[in-house]
Every structure is written in C-alpha cells, then in structure tokens.
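Trainee: Based on the sequences and whatever the hints tell you, model everything.
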Amino acid sequence: MSHTFHIPVLGLGYSIDTPVKVAHFGISSVISIVDDELIERMRRYYYKQLDEDFEPISKSTEDYRARRITDYLNLIRRIADQRFKSLIQSPFQNNSEIDRYFQLLPASSSLKAEYEKLRRLPGTSRTAAEARLRAQLTQGEIDVNIMSKVDKVNRDGEGESLGDMYTDALAAMRGFAESNLRSSLVLSAGMNPRLYSYLENFPDFFPDSKGGFKKKLILKVSEFRSALIQAKFLAKKGIWVSEFRVESGLNCGGHAFATEGYLLGPVLEEFKVKREEMRSELFELYRDSIASKGCEISQAPKVKVTVQGGIGTAAENDFLIQHYQLDATGWGSPFLLVPEVTNVDQETLDALATSESEDYYVSDSSPLGVLFNNFRKSSAERQRLDRIAKGRPGSPCHKRYLVSDTTFTKEPICTASRQFQNLKIRELRALNPVNLEEQIDKVTEKLCLCDGLTTAALLKNNLLNPRENKAVAICPGPNLAWFSGILTLDELVGHIYGKIDLLSRKPRPHMFINELRLYVDYLKKDMQRFAGSADVKKEKYFAKFKDQLLNGIAYYRELIPLLNEPEAIQKEMLTQLASIENELVPVSSASEAACHIPKR
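Residues in the sequence shown are numbered from 352 upward in steps of one, following my numbering.
Honestly, the hints are just simulated from the structure, not real lab data. Glycine is no exception: its CB is placed at the ideal position from the N, C-alpha and C atoms. Treat each hint with caution, since some may be false.
What the hints assert, rightly or not - Pair ranges (Cβ atoms, derived):
1. Gly541 to Gly883: 26 to 36 Å
2. Pro784 to Ser855: 44 to 54 Å
3. Pro784 to Lys653: 54 to 64 Å
4. Val504 to Met542: 13 to 23 Å
5. Gln676 to Ala480: 28 to 38 Å
6. Lys741 to Gly883: 34 to 44 Å
7. Arg533 to Glu647: 16 to 26 Å
8. Pro860 to Ser548: 34 to 44 Å
9. Lys587 to Gly742: 52 to 62 Å
10. Glu707 to Thr412: 43 to 53 Å
11. Ser447 to Arg880: 23 to 33 Å
12. Gly742 to Lys565: 46 to 56 Å
13. Ile920 to Lys565: 43 to 53 Å
14. Lys761 to Ser437: 48 to 58 Å
What the hints assert, rightly or not - Here are the simulated BS3-like cross-link-like pairs (lysine-lysine), alpha carbons at most 27 Å apart as the crow flies:
15. Lys793 to Lys761
16. Lys644 to Lys588
17. Lys625 to Lys587
18. Lys889 to Lys876
19. Lys625 to Lys583
20. Lys653 to Lys588
21. Lys655 to Lys625
22. Lys891 to Lys875
23. Lys897 to Lys922
24. Lys410 to Lys750
25. Lys741 to Lys793
26. Lys583 to Lys895
27. Lys741 to Lys728
28. Lys897 to Lys875
29. Lys793 to Lys889
30. Lys889 to Lys922
31. Lys821 to Lys750
32. Lys793 to Lys500
33. Lys897 to Lys850
Mentor: Laid out in structure tokens, this is it:
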C-alpha cells in the first residue's frame with residue numbers, strides 16, 4: 352500500500368464511484384454493492400462519460416443483479432486503470448498528476464524520499480531514476496462491501512422463491528466474484544452462514560500456486576470473540592480472512608453495532624496480544640479444509656488488522672498504528688466534506704460543513720432494527736417530520752432491500768414504509784396503551800434508507816428523474832462534528848499525515864474519551880428504558896456492560912501516559928475518565944440509572 356489509510360464504505364451512494372477518483376493516487380476505498388438499481392444508473396452515467404454504447408441490463412434478464420454489479424465493477428476498474436496509466440505517463444514537474452501522487456504520500460514513505468532526491472537531480476541525470484519511480488507506483492484497491500444480513504429472498508412473477516442463489520447478498524457477492532477485480536470483499540453486520548458458505552463456489556477466493564489470492568476477504572468486526580468465531584467458520588470452508596477491519600461499536604458512521612461495553616482500546620489490545628495465536632489456530636482449520644479441495648499450502652497467509660471509527664487527528668492515527676501494530680487505519684466520515692472524492696449534494700454538503708455536535712445522534716431510524724448514526728439537518732429527516740405533521744407517516748417502498756416484518760402481511764414489508772406504519776399505528780390506537788404517543792413515535796422514527804442513502808449520488812451527477820424523491824438521508828459518524836468547511840483531498844490527506852491541522856481551532860475530546868462517552872450515554876438510555884421492568888437476565892447484561900466500561904476506564908488510565916499527546920491533554924483525559932467513572936460506579940441496576948447517571 353502506498354498509503355497507511357483507506358476510505359471505508361460510505362452509505363449506499365456516497366462512495367459508489369470513489370475508486371475512480373482516488374485509486375490512481377494509491378488510495379484504497381470501498382464501494383457498496385447493495386443497490387443494483389443505483390449501480391445500473393451509474394453504469395449508464397460512466398458509459399456516457401466514456402462516450403461508449405450503454406446496454407441496459409433489465410430486471411427481466413436472468414441474474415440481472417449479479418450481471419449489473421459485475422459489469423459496473425469491471426467498468427470502474429477500467430476507468431481507474433486508465434487514470435493510473437495517464438498519471439504514470441505524466442511529466443515529473445510541479446502540479447502534474449504524478450507530482451500530486453508523491454505530494455499526497457506520508458513523510459515516512461520511502462517512495463516520497465526517493466522522489467525528493469529525484470527533484471534535486473539535474474535534468475540530464477533523471478531519466479533512469481524517473482523510470483524506477485514510475486515502476487514502483489501502485490494503485491489503490493477497489494474493494495466492495497456487503498452487509499451480510501441484507502439478504503432478501505427474491506421471487507419470480509408467480510411469487511415463487513428464485514432460490515438461495517438469487518437472494519440479495521448472494522447475488523451481489525456473485526457479481527463481485529465474477530468481476531475482473533483483484534481486490535477484497537468486505538463483509539459487515541455479522542455472520543450470514545448461507546452467504547459465508549457460498550464463497551466456496553468461487554476459485555478466486557482460494558490461494559494460487561504462490562499462495563496469493565485474486566480476491567481476498569475482509570471481516571468488519573467490533574470485538575475479538577465474534578471475529579474469531581466468524582473466521583473459524585470460514586476457515587473450515589477453506590476461506591481465509593485476510594484482514595480484520597476493527598470498527599468502533601458506536602463512534603462510527605452508518606449502522607452502529609454496539610458491543611456489550613467493549614471499548615476500542617481494549618479490543619485492539621486483545622487483537623494485538625492474540626493476533627499470531629489466532630492466525631495459527633485458523634491455519635490449522637484452513638489447511639485441512641484446503642487440502643480436502645486439492646490445494647496444498649504450507650504457510651499461513653498474512654492477516655492484516657486495521658481500525659476505523661472516530662479517528663480525528665494525526666496523533667491518534669499514528670498512535671493506533673504504532674502501539675497496536677496495525678497495518679492501516681480507516682477514515683470515512685471526514686471525506687464527506689471532500690466533493691472531489693464523495694457524492695454529497697450541495698445542500699447536504701453545506702449543512703455538514705456548518706454542523707455542530709448536537710446535529711449528530713444515534714437513532715432507531717433504521718428499518719433493520721439496528722442503531723443508526725443520523726444527521727438532524729438532513730432533508731430526509733425534515734421530510735419524515737413533515738409527513739408526520741400532515742398525517743401521512745412513512746415512505747413509499749420501491750426498492751424493498753430492507754423488508755423484514757410480517758406482522759400484518761404474508762410477504763415481508765419494511766418498517767419505514769407507509770403501509771407498515773399506518774397498520775401499526777392503527778393497531779396501537781385500538782390497544783390504547785398508556786404511553787400511546789411514545790410508541791407511535793417509535794414507529795414513525797423509521798426512515799427510508801434504500802432511497803435516502805442513494806439520492807445524493809443521483810443529485811450530484813444529475814441522474815435524478817423529475818418526479819423522484821429529492822430527500823437525502825446521510826449517516827456520518829459523530830466525529831464529523833469537529834470538522835468544518837468544504838475540504839480538498841490534499842487538505843484532508845495532509846491532516847491525516849500531520850502536515851496540517853484542520854481541528855486546531857475546535858476543542859475536541861480524544862477519540863477514546865468520545866467513544867467512552869457514547870457508550871455511557873447508550874447504557875444510560877437503555878437502563879432508563881427498562882427502569883422498573885428489567886428482568887434478572889437484563890440486569891446481568893447491564894452489570895456486565897458497566898463492568899466492561901469500568902475495565903476500559905482502568906485500561907485507558909494506564910494507556911494515557913503512552914499517547915502521542917501533550918501533557919495538558921493527558922491531564923484533561925484523566926480528569927474526564929475520573930468524571931465518567933464517578934457516574935458509573937454507583938449504578939447497579941436499571942431502576943437506579945435515571946438517578947445516578949446525569950443527563951447530558
């Protein structure tokens with residue numbers, strides 16, 4: 352890798368074509384391949400940009416979802432390759448594409464050091480040195496993401512299931528597997544045994560004669576135990592996990608999968624301590640499975656560990672890599688402020704650029720029933736409230752990627768849909784519970800994400816049809832609150848590597864403190880929800896959660912002197928830890944939560 356960071360997947364549409372914008376600079380990024388309808392429209396857009404004939408892949412075409420994804424990924428790779436080839440051929444002079452490639456690199460890069468030496472050579476002596484440098488440049492990876500649990504069963508015109516092979520997740524994975532990419536599949540949102548088992552059908556995921564992989568597998572995880580369980584399941588199938596992408600449970604963008612109080616620092620410590628032991632354990636299972644498939648491998652393949660979620664400064668970035676011996680970091684939400692990298696419409700971009708901390712919150716907006724990082728100033732949130740005010744809550748449901756509820760219908764419907772919300776509200780009013788309005792608010796909080804998370808890409812690229820919904824949903828992590836203004840790629844990369852400081856004018860808690868605060872607030876909210884009604888099992892859960900947070904505080908207290916932070920910041924962090932600990936220690940049950948944990 353040329354760089355020590357990657358750009359994670361950003362919603363459905365925000366990073367849908369990010370690789371064509373950054374891969375030629377050696378920066379890796381991730382595309383969501385959930386929405387094949389968006390992909391089909393982006394296919395049309397890029398074929399037009401290339402002045403090439405576009406052949407639609409209609410829904411009547413067999414295996415249309417996989418075929419759309421395969422062609423789009425091949426197209427993205429072709430464009431990225433063309434841009435990289437053009438960059439390599441550009442002259443070694445100020446402000447050229449190849450000059451920008453080197454200027455973006457971190458100061459620690461040996462390539463950058465060679466480039467600086469080249470710049471000092473006289474023109475007559477540079478030809479051979481230039482050729483050597485050009486030969487060493489690498490492209491960023493074009494990785495793809497699938498949320499494992501977003502795996503709707505699809506049906507034919509008669510309502511009969513098309514079979515497991517054509518479910519949303521399996522078809523999307525097949526689309527990637529049949530593409531010509533040499534990159535990684537990022538699986539997130541937990542284990543889907545059907546999807547994991549399906550990987551066995553594609554030889555690109557198995558090692559070649561030299562032990563390399565044409566296609567690699569990355570698991571996005573929030574804690575060690577579940578990572579090991581998933582990796583063991585895959586190893587027994589002959590599938591090697593090449594990277595564990597550790598993400599903060601709450602201090603991240605998109606869906607937030609809260610752990611039982613396992614904080615990022617202790618989680619990374621466990622990966623650091625057990626990394627080689629885990630690799631050996633997985634290899635024992637993997638070697639036997641691969642042998643049964645007629646493939647011999649004598650040495651365990653590499654296993655990378657990276658981290659993402661809430662990183663905000665170069666000091667934090669460097670400490671994570673050095674202290675936890677990580678291979679790279681992920682920077683997601685701040686890139687939403689970089690128009691040349693991501694698809695954010697102008698209205699939303701302006702709102703993000705001028706936002707404050709209170710504009711970001713963890714919500715129950717997702718139809719998946721998973722916590723979702725929301726943005727109060729989004730036009731989708733504004734539209735949701737307008738519809739409630741007009742007595743028409745919910746959204747039309749066109750794409751149906753997140754259908755899951757069969758309370759009122761034989762076929763699953765989406766909890767954000769107008770159909771479900773009207774039926775549920777009618778049921779609640781018939782029951783007339785004491786907390787009727789509160790329960791109705793929970794129903795109408797659900798937001799259409801299938802449309803909302805793609806609209807910005809359509810708006811920015813002038814692909815939205817006249818009568819289509821213009822409301823934009825966006826899911827930045829809370830860390831974005833400390834970034835402001837509209838940024839360039841060079842500025843944000845410079846910030847990541849410590850060349851400039853974009854946060855110098857805004858006081859910001861350290862990422863570990865910020866995540867801890869998010870977890871305490873989450874525990875507080877959950878305890879208050881069950882105040883007076885928690886059973887023994889729930890009380891044990893709360894007690895374990897609190898103990899994990901207290902263990903995390905003790906860990907951070909020992910870690911703080913090792914951080915790459917000034918003494919004043921270290922003292923402030925210790926004070927913050929003591930304050931949060933004082934909030935947690937007296938709390939021993941859900942009924943006591945409201946009394947002992949102050950609201951913030």
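Trainee: If a hint holds in the structure, say so; if it doesn't, say that too.
Mentor: For each hint, the structure was consulted:
1. Checked against the hint of 26 to 36 Å, the pair Gly541 and Gly883 passes, with Cβ atoms roughly 31 Å apart.
2. Under the hint 44 to 54 Å, the C-beta atoms of Pro784 and Ser855, about 51 Å apart, fit the expected range.
3. Checked against the hint of 54 to 64 Å, the C-beta distance between Pro784 and Lys653 comes to roughly 55 Å, which is consistent with it.
4. For Val504 and Met542, the Cβ-Cβ distance of about 18 Å falls inside the hinted range of 13 to 23 Å, so the restraint holds.
5. Our hint of 28 to 38 Å for Gln676 and Ala480 holds, since their Cβ atoms are close to 33 Å apart.
6. A hinted range of 34 to 44 Å holds for the C-beta pair Lys741 and Gly883, which are about 36 Å apart.
7. The hint said 16 to 26 Å for the Cβ distance between Arg533 and Glu647, and at roughly 22 Å that hint holds.
8. Taken as a hint, the range 34 to 44 Å holds for the pair Pro860 and Ser548, whose Cβ atoms sit roughly 43 Å apart.
9. Our hint of 52 to 62 Å for Lys587 and Gly742 holds, since their Cβ atoms are close to 54 Å apart.
10. Between Glu707 and Thr412 the Cβ separation comes to about 48 Å, which falls inside the hinted range of 43 to 53 Å.
11. Between Ser447 and Arg880 the beta carbon distance is about 58 Å. The supplied range of 23 to 33 Å is therefore violated.
12. The supplied range of 46 to 56 Å is met by Gly742 and Lys565, whose beta-carbon atoms lie about 55 Å from each other.
13. Between Ile920 and Lys565 the CB atoms are about 45 Å apart, so this pair conforms to the stated range of 43 to 53 Å.
14. The hinted range of 48 to 58 Å is satisfied by Lys761 and Ser437, whose Cβ atoms lie roughly 55 Å apart.
15. Distance hint between Lys793 and Lys761 is fulfilled; the C-alpha atoms sit about 23 Å from each other, no more than 27 Å.
16. For a cut-off of 27 Å, the pair hint linking Lys644 to Lys588 stands: about 10 Å separates their Cα positions.
17. Taken as a hint, the Lys625 and Lys587 pair is honoured in the structure, with Cα atoms around 20 Å apart against an allowance of 27 Å.
18. A hinted pair counts as satisfied when its Cα atoms are at most 27 Å apart, and Lys889 with Lys876 qualifies at roughly 14 Å.
19. Among the hinted pairs, Lys625 with Lys583 is consistent with the structure: their alpha-carbon atoms are about 15 Å apart, no more than 27 Å.
20. For the hint linking Lys653 to Lys588, the alpha-carbon distance of about 18 Å falls within 27 Å, and the restraint holds.
21. About 13 Å separates the Cα atoms of Lys655 and Lys625, which keeps this hinted pair within 27 Å; it holds.
22. Proximity of Lys891 to Lys875 is assessed by CA-CA distance (about 15 Å); at most 27 Å being required, the pair is judged to hold.
23. For the hint linking Lys897 to Lys922, the alpha-carbon distance of about 24 Å falls within 27 Å, and the restraint holds.
24. Distance restraint check for Lys410 and Lys750: the Cα-Cα separation of roughly 12 Å lies within the 27 Å cut-off, and the hinted pair is therefore satisfied.
25. Distance hint between Lys741 and Lys793 is fulfilled; the C-alpha atoms sit about 17 Å from each other, no more than 27 Å.
26. For a cut-off of 27 Å, the pair hint linking Lys583 to Lys895 stands: about 26 Å separates their Cα positions.
27. Straight-line distance between C-alpha atoms of Lys741 and Lys728 comes to about 20 Å, which keeps the hinted pair within the 27 Å bound.
28. Straight-line distance between C-alpha atoms of Lys897 and Lys875 comes to about 10 Å, which keeps the hinted pair within the 27 Å bound.
29. Of the supplied pair hints, the one linking Lys793 and Lys889 holds, its CA atoms being roughly 21 Å apart against a limit of 27 Å.
30. Between Lys889 and Lys922, the direct Cα distance comes to roughly 36 Å. Violation of the 27 Å bound is thereby established for this hinted pair.
31. The suggested pairing of Lys821 with Lys750 holds, with an alpha-carbon distance near 16 Å, which does not exceed 27 Å.
32. Restraint check for Lys793 and Lys500: satisfied, since their Cα atoms lie roughly 22 Å apart, inside the 27 Å limit.
33. In summary, the hint linking Lys897 to Lys850 is not supported, as the alpha carbons are separated by about 39 Å, beyond the 27 Å threshold.
Of the numbered hints listed earlier, those contradicted by the structure are 11, 30 and 33.
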